[in-house]
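Engineer: The primary structure of each chain is shown beneath.
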Amino acid sequence: MGIKLKALTKSPWVYHLSTGSCNNCDIEILDCLTPRYDLERLGIVLVGSPRHADALLVTGNMTMKCMKRAKEVYDQMPKPGVVIAVGTCALGHGVFEGSYVMPKTVDEVLPVDIYIPGCPPKPEGIIAGVAKLLEMLKQKA
Amino acid sequence: MSEIIPIGPYHPLQEEPEFFRLHVEGEKVVKLEIELGYNHRGIEKLAETKSWDQVVFLVERICGICSTSHPAASTNAMEDLGGIEAPERAQYIRTIICELERIHSHLLWLGLAGHFIGYNTVWMWVWKYREIVCDLLDKITGNRQSYAMFKVGGVRRDILEDDIPWIRASMDKLKPVLDLFKGAVMDDPVIRARTRGVGILTNEMAKQYCVVGPTARPSGVAIDVRKDDPYFAYGMVDFDIVVLEEGDVFAKAVCRILEMYESVKIIEQCIDKMKPGIIDLKIKELPAGEGIGRAEAPRGEVYHYCLSDGSNFPARYKVRAPSYTNIASNEVACVGETVADAALVLAAVDPCYCCTERLVVVDHDNRREQVLQGNTLIQLSHERTKQIRKELGV
Ligand code: SF4
Numbered sequence: 001m002g003i004k005l006k007a008l009t010k011s012p013w014v015y016h017l018s019t020g021s022c023n024n025c026d027i028e029i030l031d032c033l034t035p036r037y038d039l040e041r042l043g044i045v046l047v048g049s050p051r052h053a054d055a056l057l058v059t060g061n062m063t064m065k066c067m068k069r070a071k072e073v074y075d076q077m078p079k080p081g082v083v084i085a086v087g088t089c090a091l092g093h094g095v096f097e098g099s100y101v102m103p104k105t106v107d108e109v110l111p112v113d114i115y116i117p118g119c120p121p122k123p124e125g126i127i128a129g130v131a132k133l134l135e136m137l138k139q140k141a
Numbered sequence: 142m143s144e145i146i147p148i149g150p151y152h153p154l155q156e157e158p159e160f161f162r163l164h165v166e167g168e169k170v171v172k173l174e175i176e177l178g179y180n181h182r183g184i185e186k187l188a189e190t191k192s193w194d195q196v197v198f199l200v201e202r203i204c205g206i207c208s209t210s211h212p213a214a215s216t217n218a219m220e221d222l223g224g225i226e227a228p229e230r231a232q233y234i235r236t237i238i239c240e241l242e243r244i245h246s247h248l249l250w251l252g253l254a255g256h257f258i259g260y261n262t263v264w265m266w267v268w269k270y271r272e273i274v275c276d277l278l279d280k281i282t283g284n285r286q287s288y289a290m291f292k293v294g295g296v297r298r299d300i301l302e303d304d305i306p307w308i309r310a311s312m313d314k315l316k317p318v319l320d321l322f323k324g325a326v327m328d329d330p331v332i333r334a335r336t337r338g339v340g341i342l343t344n345e346m347a348k349q350y351c352v353v354g355p356t357a358r359p360s361g362v363a364i365d366v367r368k369d370d371p372y373f374a375y376g377m378v379d380f381d382i383v384v385l386e387e388g389d390v391f392a393k394a395v396c397r398i399l400e401m402y403e404s405v406k407i408i409e410q411c412i413d414k415m416k417p418g419i420i421d422l423k424i425k426e427l428p429a430g431e432g433i434g435r436a437e438a439p440r441g442e443v444y445h446y447c448l449s450d451g452s453n454f455p456a457r458y459k460v461r462a463p464s465y466t467n468i469a470s471n472e473v474a475c476v477g478e479t480v481a482d483a484a485l486v487l488a489a490v491d492p493c494y495c496c497t498e499r500l501v502v503v504d505h506d507n508r509r510e511q512v513l514q515g516n517t518l519i520q521l522s523h524e525r526t527k528q529i530r531k532e533l534g535v
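Going line by line, the protein sequences match chains A and B.
If you read the first sequence in my numbering, its first letter stands for residue 1, the second for the next number, and so on.
If you read the second sequence in my numbering, its first letter stands for residue 142, the second for the next number, and so on.
Since the hints were derived computationally from the structure, they do not count as laboratory data.
Among the hints, erroneous ones may be present.
Unchecked claim - In the DSS-like style, the derived pairs of lysine-lysine whose C-alpha atoms are separated by at most 27 Å in a straight line are:
#, chain 1, residue 1, chain 2, residue 2
1, B, Lys280, B, Lys414
2, A, Lys65, B, Lys172
3, A, Lys104, B, Lys459
4, A, Lys132, B, Lys314
5, B, Lys186, A, Lys65
6, A, Lys68, B, Lys186
7, B, Lys416, B, Lys368
8, A, Lys122, B, Lys314
9, B, Lys323, B, Lys416
10, B, Lys414, A, Lys122
11, A, Lys65, B, Lys191
12, A, Lys104, B, Lys414
13, B, Lys280, A, Lys122
14, A, Lys104, B, Lys416
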């Protein structure tokens, strides 16, 4: 596992998975890629398929209808891979607490490695979160 | 015999999960089926468990891009219920926030449309300049998205006098940017070739499908809540609504770009006309009864209804968002287009949809089911653009 984890920290490719979010977290994730924040200079690339991804960026509430799909997407990701929960919704349910379509939180469905709070977190916050995760992985490897 | 290409529910670029099933014959799309509900979060039911003030926060989180339109319709509904008229300064501030949101939303769409036809430069440029608007919102409201500005009977934060020169300067900065994009869309032969005559929604069809906002206006339907039923300060400022005739993807793009000019105009007028005063009536209670509220979101008319039994919570809350009718119109706009154009047509409505990461192609002839990767559609679209560029020699 050691060498694979180490390789992961060099240039993590992320896949963005929305499980019933309000868009804002997703916009801020896309915003990280655009010229002002430009995550690509750090080697972080957003990819269109979980099969190419090292990390899942999960946003949203994990609605019942998304649950099965989210698990499928996670299974398609090569391991070792990390799961990053972005936004208050993905951490707990936030303002949606008590809704009848969300029996589970994101971390009950997927093994979340790091949580980035905020509604939505600012792009700076997302970048800081990912950087911390990389640090963590480096120590583990 | 037709094949089926399901798109969804996860898609690499758009946000909310939604599911489309394209029926194709060779390259031509013959039918489109739409399945919604991946993003159903039970908001209307949840609203019944929140106090009136909290409901505004809740509806703000229906859609991130429209995180002002829903609170706007919601406060309109509650003020209708209570017979409340918010102070004039609050009305101007609300209008400014609404229009800033419109600019940010239209820019966002323009960027994504650029990406869809394979012009990633357009995407990056547009989103770079979108930051001007995000900074403005950040400064005025304290958050880049989810502004939390609206409440029954007023707004939560004032616009400081010190900020006004800076807001004006930002608006001035925005104008050359809009000119740039207008030129880019109107004059580029490739974008023209890619979008002219594609995904036409005729005037008649637009009316039949009851589409709203920038999906209806390019088809010659002059519908805009800001003019038809002025709320906030829209009755006190001067602006035009943009109505075009063609109804194709090109017209939809042009309509949005021209609308941004109007938004800048509205914001500047609001800043000029705003007088010092109170911004909040500090409403404590709402009576029993019903209220309706409408607002023009960047995508069209948002409609909210609330029923009160005089308690602290709504007894019933109902929301109707514009994308719901607009997405249905894809059924006609997509038919007859090639698969490469379908992604563009679907995106032209600016739906809040987040579909594919997987596509499955079902061949009716030999019952073959083929799983494609999510970007295939975009890939197809990019290839089409390349081909057109070659033909045009650019
Ligand atoms: S955390 Fe906030 S911004 Fe993010 S998806 Fe949830 S409601 Fe939207």
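Engineer: Can the restraint linking lysine 132/A and lysine 314/B be considered satisfied, given a maximum Cα separation of 27 Å?
Structural biologist: Given that 27 Å is the threshold and the Cα spacing comes to 36 Å, the pair is violated.
Engineer: CA of lysine 68/A to CA of lysine 186/B, is that 27 Å or under?
Structural biologist: 24 Å, holds
Engineer: Under the criterion that the straight-line Cα-Cα distance not exceed 27 Å, is the pair lysine 414/B, lysine 122/A satisfied?
Structural biologist: Given that 27 Å is the threshold and the Cα spacing comes to 33 Å, the pair is violated.
Engineer: Would you check the hint for lysine 104/A and lysine 459/B, treating anything up to 27 Å between C-alpha atoms as holding?
Structural biologist: 25 Å, holds
Engineer: Given the hint that lysine 122/A pairs with lysine 314/B, does the C-alpha gap stay at or below 27 Å?
Structural biologist: 24 Å, holds
Engineer: Between lysine 65/A and lysine 172/B, is the straight-line Cα distance small enough, at 27 Å or below?
Structural biologist: Status holds; Cα separation ~25 Å.
Engineer: Going straight from one Cα to the other, do lysine 323/B and lysine 416/B come out at no more than 27 Å?
Structural biologist: It is violated: about 34 Å lies between the C-alpha atoms, which goes past 27 Å.
Engineer: Is lysine 416/B close enough to lysine 368/B, meaning Cα to Cα at most 27 Å?
Structural biologist: Roughly 23 Å separates the two Cα atoms, so the pair holds.
Engineer: Does the structure keep lysine 104/A and lysine 414/B at a Cα separation of 27 Å or less?
Structural biologist: 50 Å, violated
Engineer: For the pair supplied as a hint, lysine 186/B and lysine 65/A, is the alpha-carbon distance within the 27 Å limit?
Structural biologist: Holds: lysine 186/B and lysine 65/A sit about 18 Å apart, inside 27 Å.
Engineer: For the pair supplied as a hint, lysine 65/A and lysine 191/B, is the alpha-carbon distance within the 27 Å limit?
Structural biologist: 24 Å, holds
Engineer: Decide if the proposed pair is consistent with the structure: lysine 280/B and lysine 414/B, CA atoms, cutoff 27 Å inclusive.
Structural biologist: 20 Å, holds
Consistency with the previously given hints fails for numbers 4, 9, 10, 12, 14, ordered from lowest to highest.
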